[in-house]
Structure formats: structure tokens, C-alpha cells
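Quick note: the sequence shown uses numbering that gives the first Met the number 0, first residue 0, plus one each step.
Bear in mind the hints are in silico, worked out from the structure with no lab data behind them.
None of these values were measured; they are calculated from a predicted model.
Don't be surprised by glycine CBs; every beta carbon is placed ideally from N, CA and C.
Among the hints, erroneous ones may be present.
As the list claims (entries may be wrong) - In silico BS3-like cross-links for lysine-lysine, where the CA-CA straight-line distance does not exceed 27 Å: (1) K7 x K24; (2) K24 x K43; (3) K43 x K7.
Claimed, not checked - Pair by pair, the computed Cβ-Cβ distance ranges are: (4) G37 x W58: 22 to 28 Å; (5) G10 x L42: 19 to 25 Å; (6) R14 x K43: 40 to 46 Å; (7) K7 x D53: 22 to 28 Å; (8) W33 x G10: 27 to 33 Å; (9) Y20 x L42: 17 to 23 Å.
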Amino acid sequence: MNAICWVKRTGSPWRDLPERYGSWKTAHGRFSRWAADGTWARLKAHVIALAELDDGIDWNAQVDATIVRTHQHAAGARKGG
0 MNAICWVKRT GSPWRDLPER YGSWKTAHGR FSRWAADGTW ARLKAHVIAL
50 AELDDGIDWN AQVDATIVRT HQHAAGARKG G
């Protein structure tokens with residue numbers, strides 16, 4: 000789980016996973032398998048349900064676009080120049 004969190008937090012390729020987290024192939028395999036079998040969706044739903052019990056979610060939160068990563072094509076960049 001820590002390996003997956005590291006990759007998602009840093010945005011680094013799986014192959015750059017530090018050795019202290021174990022094999023990048025194993026971590027990537029687990030991430031992919033859990034995505035395919037719905038594990039991540041179930042985990043998200045469970046965490047949201049727990050937070051809603053305590054009124055712990057502010058559904059009116061906003062995202063500052065200056066810190067959100069996006070691909071150049073998604074941002075409307077022109078190709079070529």
C-alpha cells in the first residue's frame with residue numbers, strides 16, 4: 000500500500016519506485032488488480048461513508064487549478080507552435 004501511495008503522491012513512474020518499497024512490478028500488479036476487481040472503488044465508498052457519519056466531508060470544497068496536474072493536451076496547448 001505504501002508503494003502505491005508513493006507512486007500516486009509523487010507522480011513518478013512505477014520503475015522509479017524506491018527499493019525500500021519492494022518490487023515495482025509487484026506494486027504495479029497489485030494496483031492494477033485492485034483497480035480491475037473494484038477494490039479501490041469499495042475502499043473509497045467505505046471511507047466516504049465513515050466520514051459522512053461524522054459530518055467530516057465538506058462537499059463544497061474547491062480545487063485551486065494552479066496546483067492540479069494536467070496533460071498539455073487537456074490544457075488546450077497548441078501542437079507545434
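Now for the hints, and whether the structure bears them out:
1. K7 x K24: 15 Å, holds
2. K24 x K43: 24 Å, holds
3. K43 x K7: 15 Å, holds
4. G37 x W58: 22 to 28 Å: 23 Å, holds
5. G10 x L42: 19 to 25 Å: Because 21 Å falls inside the window, the suggested range holds.
6. R14 x K43: 40 to 46 Å: 26 Å, violated
7. K7 x D53: 22 to 28 Å: About 25 Å separates the Cβ atoms of K7 and D53, which means 22 to 28 Å holds.
8. W33 x G10: 27 to 33 Å: 19 Å, violated
9. Y20 x L42: 17 to 23 Å: 19 Å, holds
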